[in-house]
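Fit chain B to the known structure of chain A by using the hints.
Which chain is which? The protein sequence lines are A and B, in order. Counting along the first sequence from 1, when you hit position 248 you're at 248 in the numbering used here, and nothing is skipped either side. Counting along the second sequence from 1, when you hit position 241 you're at 241 in the numbering used here, and nothing is skipped either side.
By construction, these hints were calculated from the structure, which means they are not laboratory data. Any given hint might turn out to be false.
Identical chains share a label here; the pair holds if one copy fits it or two copies do between them.
[Claimed, not checked] With a cut-off of at most 27 Å between alpha-carbon atoms, the simulated DSS-like pairs for lysine-lysine come out as follows:
| id | residue 1 | residue 2 |
| --- | --- | --- |
| 1 | 262 | 251 |
| 2 | 277 | 68 |
| 3 | 277 | 251 |
| 4 | 68 | 287 |
| 5 | 5 | 215 |
| 6 | 222 | 69 |
| 7 | 262 | 287 |
| 8 | 225 | 268 |
| 9 | 251 | 215 |
| 10 | 245 | 119 |
| 11 | 236 | 277 |
| 12 | 68 | 268 |
| 13 | 4 | 268 |
| 14 | 288 | 262 |
| 15 | 222 | 251 |
| 16 | 258 | 268 |
| 17 | 258 | 245 |
| 18 | 242 | 277 |
| 19 | 258 | 287 |
| 20 | 215 | 68 |
| 21 | 4 | 288 |
| 22 | 287 | 277 |
| 23 | 119 | 277 |
| 24 | 215 | 270 |
| 25 | 119 | 270 |
| 26 | 270 | 287 |
| 27 | 230 | 288 |
| 28 | 119 | 251 |
| 29 | 288 | 258 |
| 30 | 11 | 288 |
Chain residues, written in single-letter form:
There are 2 protein chains.
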Amino acid sequence: MPNKKSITDFKTLARTISLVENEADGFELILEQLQPNNIPVIGFTGPPGAGKSTLLNAVIGILLGEGKKIGLVLIDPSSPFNLGALLGDRLRMSAHFTNENLFIRSLATRGSLGGLSDKIMEVIEVMRAFAFDYIFIETVGVGQSEVEIAGLADTTVVVLVPEAGDSVQAMKAGLMEIADVFVINKADRADAEALANSLLHQLQINGRENIPVLKTVAVESKGVKELLDKISSTEKTEENAKRRKILLAEKALRVISKNRMKNFDVEKMKAELNEQKDNFNLYRFVKKFL
Amino acid sequence: MPNKKSITDFKTLARTISLVENEADGFELILEQLQPNNIPVIGFTGPPGAGKSTLLNAVIGILLGEGKKIGLVLIDPSSPFNLGALLGDRLRMSAHFTNENLFIRSLATRGSLGGLSDKIMEVIEVMRAFAFDYIFIETVGVGQSEVEIAGLADTTVVVLVPEAGDSVQAMKAGLMEIADVFVINKADRADAEALANSLLHQLQINGRENIPVLKTVAVESKGVKELLDKISSTEKTEENAKRRKILLAEKALRVISKNRMKNFDVEKMKAELNEQKDNFNLYRFVKKFL
Chain A
1 MPNKKSITDF KTLARTISLV ENEADGFELI LEQLQPNNIP VIGFTGPPGA
51 GKSTLLNAVI GILLGEGKKI GLVLIDPSSP FNLGALLGDR LRMSAHFTNE
101 NLFIRSLATR GSLGGLSDKI MEVIEVMRAF AFDYIFIETV GVGQSEVEIA
151 GLADTTVVVL VPEAGDSVQA MKAGLMEIAD VFVINKADRA DAEALANSLL
201 HQLQINGREN IPVLKTVAVE SKGVKELLDK ISSTEKTEEN AKRRKILLAE
251 KALRVISKNR MKNFDVEKMK AELNEQKDNF NLYRFVKKFL
Chain B
1 MPNKKSITDF KTLARTISLV ENEADGFELI LEQLQPNNIP VIGFTGPPGA
51 GKSTLLNAVI GILLGEGKKI GLVLIDPSSP FNLGALLGDR LRMSAHFTNE
101 NLFIRSLATR GSLGGLSDKI MEVIEVMRAF AFDYIFIETV GVGQSEVEIA
151 GLADTTVVVL VPEAGDSVQA MKAGLMEIAD VFVINKADRA DAEALANSLL
201 HQLQINGREN IPVLKTVAVE SKGVKELLDK ISSTEKTEEN AKRRKILLAE
251 KALRVISKNR MKNFDVEKMK AELNEQKDNF NLYRFVKKFL
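This is chain A alone, in the form it adopts within the complex (with noise of 0.2 Å):
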């Protein structure tokens, strides 16, 4: 049994999180020493200038008021025209930044197409080895990122703009699914109630009438308790328990499954791959890989 490690401090735990993502040598054993504290991940995903980062500061705000530990993880698509700018955009607004108890880490999304940084669920998991109170995430919605986020998040809370309105009618049967809450941010604007009544509407079809539907006003702070209140219950509802068991068992999948794939030569594939005619058989040419 190898020794249970916790990290104490906001340096070490920085310096373990770089170890884990650069796959030093020993991450590994690393991985598996750390002491995993029992902590809510909450994940807010919506559209860019839903006023994701408005409402997450606000909420932090009134937590680190009261004492606690939080952690965010900031993670951004890696589209390379908005990286730079939605990073510099968000670390501006967190006004929390130089707070003691607050720890805050950027990810930058892997690949061309879209989906998590490949570390991210690594990062979390170190993460929770240092006592938190809670673990934020905080990612911009583009194509699989936020349903991936529902994934790593024990409570998923999609935040949305009045103006979304129909036509967010795109994403909704996947939000459908995997919020936990939905916010309605700026809704001192026309037509929240209206977004609010479809989204209600969505949610009975689907037989999730138990997902509140929350309205806020980030820049003046109103309805940030209530959200925080929300969060909490739904914590302990018995279907996110339930869902949490399967987002678990999704996690270890993927962790063997990565592993299972660690000493795959993909430049030895790739090579062999750029010398096979238009026309070849992909699950011959796999065979010899397996």
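What follows is chain B alone, placed relative to chain A:
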């Protein structure tokens, strides 16, 4: 060297797809023996209501009129509330449903968290053993499916409507990366020009100014011929050839990864997971399954 088998009639094709989909005995041997043709695979994606089906029907109508053989895969989100409805709508809309040169296959998506059918890649590989002139995949963009389609198709057509306007913002970053052709359908409505300009601007920022933005009115077959021309020419660009290689490597990796997990007993793992305490270490836990 196994025999290389082509498929020459739709009945055999349908039966072979079912064998592979259901993982019937020997399905892996079937996959290895198929002789794939070099067929362009075109993905159509976009929000519900954008008119993808109508547009695709118009495109397919032209090709069938030229005596071409067409394979069509319809992918539906598995959400219980809309599965039947969407499938029904699309099948009704297919004016060419009974055309002897058109083969249609519907696939429902699998998991509760979005994601394309686990078997879609295999189904398309089976279809490539029939000498189609084109294979089309249609999917409703809900979360990750529009990103995943880009991993399957040689060319991805993203269909939007003028009303989408600013609120496709949410999807834009992802769509910018996967689209080979943008289509603004229902372009006789207001705001078509504004959306076109907005897309062109975003494409420029993303260094993808070579991506065409077309306008169509599918119900009147306006712009459909131009779309078809664009699809054919996009097929042959160098960028596309480069991307195809990347996609191919990703496909191969998925096949290999699936295979390495084949004999893994998920249920046994789930049972053991259920016995873990809340603060167990995931990496220590999975060790016994590696």
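So, going through the hints one by one against the coordinates:
1. Both within a single protomer and between protomers do residue 262 and residue 251 lie at most 27 Å apart by alpha-carbon distance, with minima of 16 Å and 17 Å respectively.
2. Proximity of residue 277 and residue 68 under a CA criterion of 27 Å is satisfied inter-copy only: 24 Å between copies versus 60 Å inside one chain copy.
3. Taking the shortest Cα distances, residue 277 and residue 251 sit within 27 Å of each other only across copies (16 Å), while inside one copy they are farther apart (37 Å).
4. Taking the shortest alpha-carbon separations for residue 68 and residue 287, neither the intra-copy value of 53 Å nor the inter-copy value of 34 Å comes in at or below 27 Å.
5. In the homo-oligomer, the alpha carbons of residue 5 and residue 215 never lie at most 27 Å apart, since the shortest distance is 41 Å inside one protomer and 60 Å across protomers.
6. Taking the closest pair of Cα atoms, residue 222 and residue 69 come within 27 Å of each other only inside a single copy of the chain (23 Å); across copies the shortest separation is 59 Å, beyond that limit.
7. For the homomeric pair residue 262 and residue 287, the shortest alpha-carbon distances inside one copy (17 Å) and between copies (14 Å) are both at most 27 Å.
8. In this homomeric assembly, residue 225 and residue 268 never come within 27 Å of each other (Cα to Cα): the closest approach is 54 Å inside a single copy and 42 Å across copies.
9. With identical chains, the CA atoms of residue 251 and residue 215 are never at most 27 Å apart, being 32 Å at best within one copy and 43 Å at best between copies.
10. Within a single copy, residue 245 and residue 119 get their C-alpha atoms as close as 21 Å, and across copies as close as 25 Å, so both meet the 27 Å cut-off.
11. For a Cα distance limit of 27 Å, the shortest separation of residue 236 from residue 277 across copies, 16 Å, qualifies, whereas the shortest one inside one copy, 55 Å, does not.
12. Taking CA atoms no more than 27 Å apart as the test, residue 68 paired with residue 268 passes in neither setting, with 49 Å inside one copy and 38 Å between copies.
13. Taking the shortest Cα distances, residue 4 and residue 268 sit within 27 Å of each other only across copies (26 Å), while inside one copy they are farther apart (38 Å).
14. Proximity of residue 288 to residue 262 under the C-alpha cut-off of 27 Å is found in both arrangements, the shortest distances being 16 Å within a copy and 16 Å between copies.
15. Proximity of residue 222 and residue 251 under a CA criterion of 27 Å is satisfied in neither setting, with 35 Å inside one chain copy and 47 Å between copies.
16. In this assembly of identical chains, residue 258 and residue 268 lie within 27 Å of each other by CA distance both inside one copy and across copies; the values are 18 Å within and 19 Å between.
17. Taking the closest pair of Cα atoms, residue 258 and residue 245 come within 27 Å of each other both inside a single copy (20 Å) and across two copies (22 Å).
18. For the identical chains of this complex, residue 242 and residue 277 are inter-copy neighbours only, at 15 Å across copies versus 48 Å inside a copy, given an alpha-carbon limit of 27 Å.
19. Taking the shortest alpha-carbon separations for residue 258 and residue 287, both the intra-copy value of 19 Å and the inter-copy value of 12 Å come in at or below 27 Å.
20. In this homomeric assembly, residue 215 and residue 68 come within 27 Å of each other (Cα to Cα) only inside a single copy, at 24 Å, whereas the closest approach across copies is 53 Å.
21. Taking the shortest Cα distances, residue 4 and residue 288 sit within 27 Å of each other only across copies (18 Å), while inside one copy they are farther apart (40 Å).
22. In this assembly of identical chains, the alpha carbons of residue 287 and residue 277 lie at most 27 Å apart only when taken from the same copy (17 Å versus 40 Å across copies).
23. When the C-alpha separation of residue 119 and residue 277 is checked against a cutoff of 27 Å, the pair qualifies only between copies, where the shortest distance is 24 Å, while the shortest distance within a copy is 34 Å.
24. Taking the shortest alpha-carbon separations for residue 215 and residue 270, neither the intra-copy value of 50 Å nor the inter-copy value of 38 Å comes in at or below 27 Å.
25. In this assembly of identical chains, residue 119 and residue 270 lie within 27 Å of each other by CA distance both inside one copy and across copies; the values are 23 Å within and 23 Å between.
26. For the homomeric pair residue 270 and residue 287, the shortest alpha-carbon distance inside one copy (14 Å) is at most 27 Å, but the shortest distance between copies (29 Å) is not.
27. Neither within a single protomer nor between protomers do residue 230 and residue 288 lie at most 27 Å apart by alpha-carbon distance, with minima of 53 Å and 38 Å respectively.
28. In the homo-oligomer, the alpha carbons of residue 119 and residue 251 lie at most 27 Å apart both inside one protomer (12 Å) and across protomers (21 Å), since each shortest distance falls under that limit.
29. In this assembly of identical chains, the alpha carbons of residue 288 and residue 258 lie at most 27 Å apart whether taken from the same copy (19 Å) or from different copies (14 Å).
30. Taking the shortest alpha-carbon separations for residue 11 and residue 288, neither the intra-copy value of 45 Å nor the inter-copy value of 32 Å comes in at or below 27 Å.
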